[in-house]
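Participant: Residues per chain, in single letters:
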Amino acid sequence: MRYPLRDPRDKRLPRIAGPSGLVIFGVTGDLARKKLMPAVYDLANRGLLPPGFALTGFARRDWAHEDFGKVVYDAVREHARTPFRQAVWDRLAEGIRFVQGTFDDDDAFDRLSDTVRELDEVRGTGGNHAFYLSIPPGAFPVVCKQLVRSGLAGQDNPDQWRRVVIEKPFGHDLRSARELNAIVNDVFPEESVFRIDHYLGKETVQNILALRFANQLFEPIWNANYVDHVQITMAEDIGLGGRAGYYDGIGAARDVIQNHLLQLLAFTAMEEPVSFSPQELRSEKIKVLSATKLVHPLSETTARGQYAAGWQGGERVVGLKDEYGYNPTATTETYAAITVDVDTRRWAGVPFYLRTGKRLGRRVTEIAVVFKRAPHLPFDATMTEELGQNALVIRVQPDEGVTMRFGSKVPGSTMEVRDVNMDFGYGLAFTEDSPEAYERLILDVLLGEPSLFPVNAEVERSWQILDPVLERWVEQGAPQAYPAGSWGPAEADAIMARTGRVWRRP
Amino acid sequence: MIVDMPATSTQQLNRKLVELREQSGVLAQGRILTFVVVTDDSTNTEDAIESAIEASRQHPCRVIVLVRGAKKAAARLDAQIRVGGDAGASEVIVLRGYGPLASAEACAGMTIPMLLPDAPVVVWWPGQAPPVPAEDPVGRLANRRITDAAVEKNPVRALEQRAASYAPGDTDLAWTRLTLWRALLASALDQPPYDEITSAVVDGEPDSPSTDLLAGWLRSRLTVPVKRTKVGAVGGMHSVRLNRASGPIELIRPDGKVGTLTQPGQPQRLVTLGRRPVRDCLAEELRRLDQDETYEQALLALHDITRGRAPAGARR
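So the protein sequences, as listed, match chains D and X.
Okay, so the first sequence: first residue is 418 according to our numbering, each after it adds one.
Okay, so the second sequence: first residue is 2 according to our numbering, each after it adds one.
Among these hints, one or two may not hold up.
Each computed DMTMM-like pair below joins lysine to aspartate or glutamate, with the alpha-carbon atoms no more than 20 Å apart [unchecked claim]:
id : chain 1 : residue 1 : chain 2 : residue 2
1  : D       : K428      : X       : E161
2  : D       : K428      : X       : E285
3  : D       : K428      : D       : E620
4  : D       : K428      : X       : D196
5  : D       : K428      : X       : D256
6  : D       : K428      : X       : E206
7  : X       : K258      : D       : E511
8  : D       : K428      : D       : D884
9  : X       : K258      : D       : D507
10 : D       : K710      : D       : D507
11 : D       : K487      : D       : D507
12 : D       : K428      : X       : D191
Since the hints were made in silico from the structure, they are not lab data.
Please work from the sequences and hints to get the whole structure.
Facilitator: See the structure below:
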């Protein structure tokens, strides 16, 4: 019998990853330092990494293993979520290696190959390795080619695995996404490719499925009979700072709507999957994305903007054009809003408004399901003057939770109805320290559990939805300016006003 | 904030709680369970409260601490409410009953009006547990009852008593302390070769209930001969060996801190395996509110293990 000690009723038993190692390309980057390395330590601290786990860094810096170990140590001390424990660190540190080189350096990859083989022998990583490409997509082809040439990508032994983890952007339009997928799939079969969308690792996003499909309370009204429209917002308060040069030619729609917001839409609008197996979940997501169409005319249903100088939370900040390294003639948008319909019986006639921007009022990500007004109000107009539409808001970050907004009688001798809030706070009901998204995702890569990673088809479908908007914007010239610290350009309000709606202030 | 309420009643206490809530906002709103701690003056109550508060950081709850005072005294109830910084993520209500109010029945009576509506109730005895937890007046209120065989005067007999009195919802911290050991063994068997295990040897301190439970668990899952030995004299669990045709899997923890995992054809691996503090164990217990069938089966298999002297590390 395989797995004799496992029992589905034994829910205490965590799934520890099998013998394996993680190789990170681009270890000197911000992401590696602030998220990946701390997440690896947190996993180790929670006892979820295999004994003998190995972490290998690859970068151009002239470091020895110990120098890299120090970098990881500092990153862990500064950014790890769980308390530092020397015993855990000592075990982890034994498995840290560094390989110096550039992507076009054959020797470096041969050395990496030797390092990985040595880890198999010394640490017992068993030939199981995940390659985390925390590098610009432009470098994917050369790295993939090197992985094949040096034999690192080879997966001949059925008991061993090689997996590759890639970060957004997954291309910049449908065509480039297909090219990128072709390059990666040429080396790694699709089931070995893990595309990280860190939003999907967040507890609140996974909770959308629990909220909708584990309860009887919400699903009956989760359709066009009761829902007026849906607003999905991801707002950032930071500007581009030094990243302005990189952002040029990408813009808010490509950076956020194509991946995060369309994934959130898929979770919000999808039908109930037959089961929670990765295949079933994906086929429902692909189905709903296939039914998602832009609302035309695009001139009235989409908006974009570029932040100008302004006051943000007590700080005077510069506009995009004055950010260091930015090309002042570029027309890249920092704010984007689009309107889509989901052409299914459930959602017929319910617009989904997706917006994202930098230098907005505050940092917030949320999904607001706004309900229709009650069909008949037995009150006269003065009694319900202050009553808005009911809403259910899923707060993805910060202050994760769910808010319900509905009318309640104001105390007093007259019948007056006003909006009130009912709040569920994740942090209040459960845990102060739920795992970071990257912890969950890295563990899932090592376990080979693909549920929370978008596949090829989803990525390509998302580009298909967005491409017409991007093409139109190219022809339009410069985007409208909006003052930093506000909630976006006037154009964005117009796409709501067109149908008598307004943006929620998140 | 700590509010002392000497010589009081549960009605006054409830009124005070509502008053505090109106003054300072949230409190019990959104709490998802009530955690009852039953102690008497023989156990260190402050330590128990500290552990409960630490565990509740992961599971915000209302903590009710029942301190059973002197039985030969006049009837009297002293209460204390701790909220905010003094209670971590929870609110703590300490009820200290004297005289007739120190009896188990009276404790249950004082607890009922303090329970959160509809929310599950977990009770923990940090010291001596009642002989049949599920039939104890306070235990009956709870969905889940946590005992700790390791702190009882005779841990081995306490564990036998647990097996005799088991009811769904019972659990013991001696079992919780094993989770990492069990996870490591299960993961080792997740990997090839998928050989049949032929026998197992578990070694640990003579009065380590966790060692007995691990042997019981292996016996219940593998249905092969399992031997319990008593060679490693320090720090509870000492070692496990799973024998199979392709060579044994061994997990040895000589110093109570770091374990060594040995498998044929693979390098030795070191793994952090320190004894888990009570607060971590409690946090794990609060995560699971359903009955633990695996624990029950491990208890039931206790009488099927053979006991011997041979060290687990030595070859047969």
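Participant: Now, for every hint given, state plainly whether the structure supports it.
Facilitator: Each hint tested on the structure:
| no. | hint | result |
| --- | --- | --- |
| 1 | K428(D) with E161(X) | 24 Å, violated |
| 2 | K428(D) with E285(X) | 11 Å, holds |
| 3 | K428(D) with E620(D) | 19 Å, holds |
| 4 | K428(D) with D196(X) | 24 Å, violated |
| 5 | K428(D) with D256(X) | 29 Å, violated |
| 6 | K428(D) with E206(X) | 27 Å, violated |
| 7 | K258(X) with E511(D) | 17 Å, holds |
| 8 | K428(D) with D884(D) | 45 Å, violated |
| 9 | K258(X) with D507(D) | 12 Å, holds |
| 10 | K710(D) with D507(D) | 53 Å, violated |
| 11 | K487(D) with D507(D) | 12 Å, holds |
| 12 | K428(D) with D191(X) | 16 Å, holds |
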